[in-house]
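Going down the list, the protein sequences come from chains A and B.
If you read the first sequence in this note's numbering, its first letter stands for residue 1, the second for the next number, and so on.
If you read the second sequence in this note's numbering, its first letter stands for residue 1, the second for the next number, and so on.
It should be emphasised that the hints constitute simulated quantities derived from the structure, not laboratory data.
Just so we're clear, the structure is a prediction, and the values are computed from it rather than from any experiment.
Every residue, glycine too, gets a C-beta built ideally from N, C-alpha and C.
Hints should not be assumed to be uniformly reliable.
[Claimed, not checked] Which residues of chain B face chain A? A partial, calculated answer using Cβ under 7 Å:
(1) S46
(2) S90
(3) L121
[As the list claims (entries may be wrong)] Chain B stretches covered by chain A per the calculated footprint, using a threshold of three residues with CB under 8 Å from any CB of chain A:
(4) 54-61
(5) 107-117
[To be verified] Listed next, the stretches of chain A that the computed footprint assigns to chain B, with coverage defined by at least 3 CB atoms under 8 Å from CB atoms of chain B:
(6) 499-507
(7) 598-608
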Amino acid sequence: MKRDDRSRPEDQSHPENSAQEETESVNRREFLSSATVAGLAAASVGATDQAAAQQVASNESAPGALPPTAVQEAMEAEIPAGYSAEEAREYFVRNPGSDFMVDVIKRLGLDYITTNPGSSFRGFHESIVNYGGNQAPELLTCVHEEQAVAMAHGYYKVTGRPLGVLCHGTVGLQHASMAVYNAWCDRTPMILLAGNHLDATERRAGVEWSHSAQDCVRVVRDYIKWDDTPFSLQHYAESMARAYRIAMTPPMGPVAVVIDGHLQEGEVGDHSPDLLPMTPVQPPVGDEAAIAEAARWLVEADSPVIVADLMAHDQEGVERLVALAEALQAPVVNQFGRMNFPNTHYLAQGAAAVAQADVVLGLELFDTWGVINTLRDRVHRDAVRKARPDARVISIGTNDLFTKSNYQNFQRYYPSDLAIAGDAQATLPILTDAVLSSMLRSRRATNAERESRWRDAHARAREQALDEARYGWNASPVSTSRLYAELWNVVRDRDWALVSDDNMQSRWARRLWPIERHHQYIGRSGGAGLGYGAPAAVGAALAHRAEGRLAVNVQRDGDMMYTPGAFWTAAYHGIPLLTVTHNNQGYHQEFMHLQRMAARRQRGIDGSSWVGNELRNPDIDLARIASAMGVWAEGPITDPDDLGPALERAVEVVDGGEPAFVDVRCQPR
Amino acid sequence: MSVGLGTIRSAGRGVLVISLWALGATVAVTQESDDDVREGRALYDSHQCWQCHGYEGQGSVAGVRIAPTLYPYEAFARLVRHTNLMPAYSPNVLSEEQLRLIYAFVQSILEPPPLEDIPELDFE
Chain A
1 MKRDDRSRPE DQSHPENSAQ EETESVNRRE FLSSATVAGL AAASVGATDQ
51 AAAQQVASNE SAPGALPPTA VQEAMEAEIP AGYSAEEARE YFVRNPGSDF
101 MVDVIKRLGL DYITTNPGSS FRGFHESIVN YGGNQAPELL TCVHEEQAVA
151 MAHGYYKVTG RPLGVLCHGT VGLQHASMAV YNAWCDRTPM ILLAGNHLDA
201 TERRAGVEWS HSAQDCVRVV RDYIKWDDTP FSLQHYAESM ARAYRIAMTP
251 PMGPVAVVID GHLQEGEVGD HSPDLLPMTP VQPPVGDEAA IAEAARWLVE
301 ADSPVIVADL MAHDQEGVER LVALAEALQA PVVNQFGRMN FPNTHYLAQG
351 AAAVAQADVV LGLELFDTWG VINTLRDRVH RDAVRKARPD ARVISIGTND
401 LFTKSNYQNF QRYYPSDLAI AGDAQATLPI LTDAVLSSML RSRRATNAER
451 ESRWRDAHAR AREQALDEAR YGWNASPVST SRLYAELWNV VRDRDWALVS
501 DDNMQSRWAR RLWPIERHHQ YIGRSGGAGL GYGAPAAVGA ALAHRAEGRL
551 AVNVQRDGDM MYTPGAFWTA AYHGIPLLTV THNNQGYHQE FMHLQRMAAR
601 RQRGIDGSSW VGNELRNPDI DLARIASAMG VWAEGPITDP DDLGPALERA
651 VEVVDGGEPA FVDVRCQPR
Chain B
1 MSVGLGTIRS AGRGVLVISL WALGATVAVT QESDDDVREG RALYDSHQCW
51 QCHGYEGQGS VAGVRIAPTL YPYEAFARLV RHTNLMPAYS PNVLSEEQLR
101 LIYAFVQSIL EPPPLEDIPE LDFE
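Generate coordinates for the entire structure from the input sequences, incorporating the hints supplied.
Here is the structure:
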């Protein structure tokens, strides 16, 4: 098959015509490139040459049988000086397929494409840079595909807009796979673009073979929502539009589209592909009758409790949850998969609130069973119910819309008493209206007492958190409470955003910092796969850069060692980000697991839990690593009194538009 | 105000520990206890109690705060030996004497500064 014919799959389906087709194809190549350039002009965003568009339309009525048009002849005249027409056909491509691919990307509105370069998408790469002007999308250079995916992950969680991630279809996707899994578990949309060379007869010898596959997406298919391998540019345009919609429809997740090397590098062909209009998809909403029943249960409950995890897509989601909680005067347990609810609101309560609930409303819970029960980590893993025996559970979410099963990230099954399939944020206004309309005056009269009770409980919890933060205050290594308290003092007067999860630092950000806006906290990695922290923080910081916010990343040392190259990307692209390490010199979670096993087997742990878990001897100089990546860096800080001044110096650097890094030796948790 | 008095004598060591429980604060009075505290600290380190409870016993999301001492020795020992909160450390891996030394160390940890003396914790 000739490269120029790649966009005409109908030719390949009729091998009996191959001889004649070959002749016609060769003849057509005399003027094919000119016709396809006109086709692109008609199809491209912002195309103005209506005459060219009309001409292409007339060409499509009889492909391959028309004489050159005026436009085509004009293009023929563009043969560079000193070249024959035959030489020009062999040396140059006027209208590469990847230019059209970039037009499609522009129509989708992807702000950036993260990538580590690869030959399987060299045509696409060139089109982004020169044809697309490296703007919207702009390429972000990454030094590992795991980093590239995690950057897209972090960016989405701030902006709500997916990025493209450009990978080698084989080795690139294998590198990317861990981060794709995190994004899948965390319901984060992104579009993976995988370069590949399907046509074995046109592969260059050597690495182009080892970097090609029959089905390159297979390596990640278990944890993406959808993928396709387009065989023509029109197929590509439609698959990209479909991919975008599927990725952005709750439950959201990554999707992948293969971009064949020959489609990228060949001429568009005489079948000019069409760009498709993009229309937003409305999220699925829960059943109206079921919502009315849920409202009745909640209004009649003496002690309703709301638990939210992967719920709020944006600030609107936060405000909708506040409206429901205040209507019911029901406490909200925010599990912080997303920033769902302001922790300064008096209805923000700890997980213990579930124990007294007679009705529990779960919103996009990652683990409904785990809210109601707990499994004790003993020899016999017995389940213990945490909630009241008579507590009824309403669940609203999209978990039941998932269709993949191999990777078990859906947690233990819990038969909710009322399960409503639908996006919780989209469903909340209907539920709140139903609550308000069904609430009698007598029930409404109880709200004042409930409010008073929860205000007292919230104030007590706040006092307790501040008191507990004192303990270990002057300790070295630095306590995690002091780490966050010192950080707060350099961010408190700024428009700040935390771009890391504080779960491994005893949740001190959630306990101490006033977190009120959706963008101020981006939740966890999803799959708990290490290597997420630094690149996700850089991606999120990129999003905050556009808003002029100070992005703060508390970076774990073990996680950092997987993807330290993310800091180079931050320096290279001028992404301001304050990174402060929670450096406990080891894989702390595994220390505890080893201790538990040794105690259970009565072998003792007298020093032996360092084996396989420590990151010392030699100590890793994280500041030097960051510095070597071009990032201003300081540390390790061991004296807690040195931390505040170091942070002040670092913030000055970030204010100048650059990343800064402070390594802090910390307590384990 | 409730005041508790506990006397713990470790065989051969003559350790006397008196704990005054007043509004959650603990004052440790020890006899011949410096060596015990040092040994207790070493045991606390080598058995890596600090992985969950912190180097100063301040606690974390992984393990409760244990210093300044909140518990009489009997409660402390029960927490270590028979508990759903942490791995059960039997006398086969942590002897009674070792546990008492660890307790002596935990008792030696001082109360942190009061909240009003820490401006960094002024979140108003």
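Status of the hints after comparison with the structure:
1. For S46 of chain B, the interface hint holds, since its Cβ comes within 7 Å of a Cβ in chain A; the closest pair sits about 5 Å apart.
2. Satisfaction of the interface hint for S90 of chain B is found here, the shortest Cβ-Cβ separation to chain A being roughly 5 Å, below the 7 Å cut-off.
3. Below 7 Å, beta-carbon pairs count as interface contacts, and L121 of chain B has one with chain A at about 6 Å; its hint therefore holds.
4. For the segment 54-61 of chain B, the assignment as covered by chain A holds, since 8 residues bring a beta-carbon within under 8 Å of that chain's beta-carbons and 3 suffice.
5. Coverage of the segment 107-117 of chain B by chain A holds [criterion: at least 3 residues with CB-CB distance below 8 Å; count 4].
6. As drawn, the segment 499-507 of chain A meets chain B at 3 residues by the rule of a beta-carbon pair under 8 Å; at three or more, the given contact holds.
7. A count of 9 residues in the segment 598-608 of chain A with a Cβ less than 8 Å from any Cβ of chain B is obtained; the coverage claim is therefore met, three being the minimum.
This entry satisfies every hint, going by the numbered hints stated previously.
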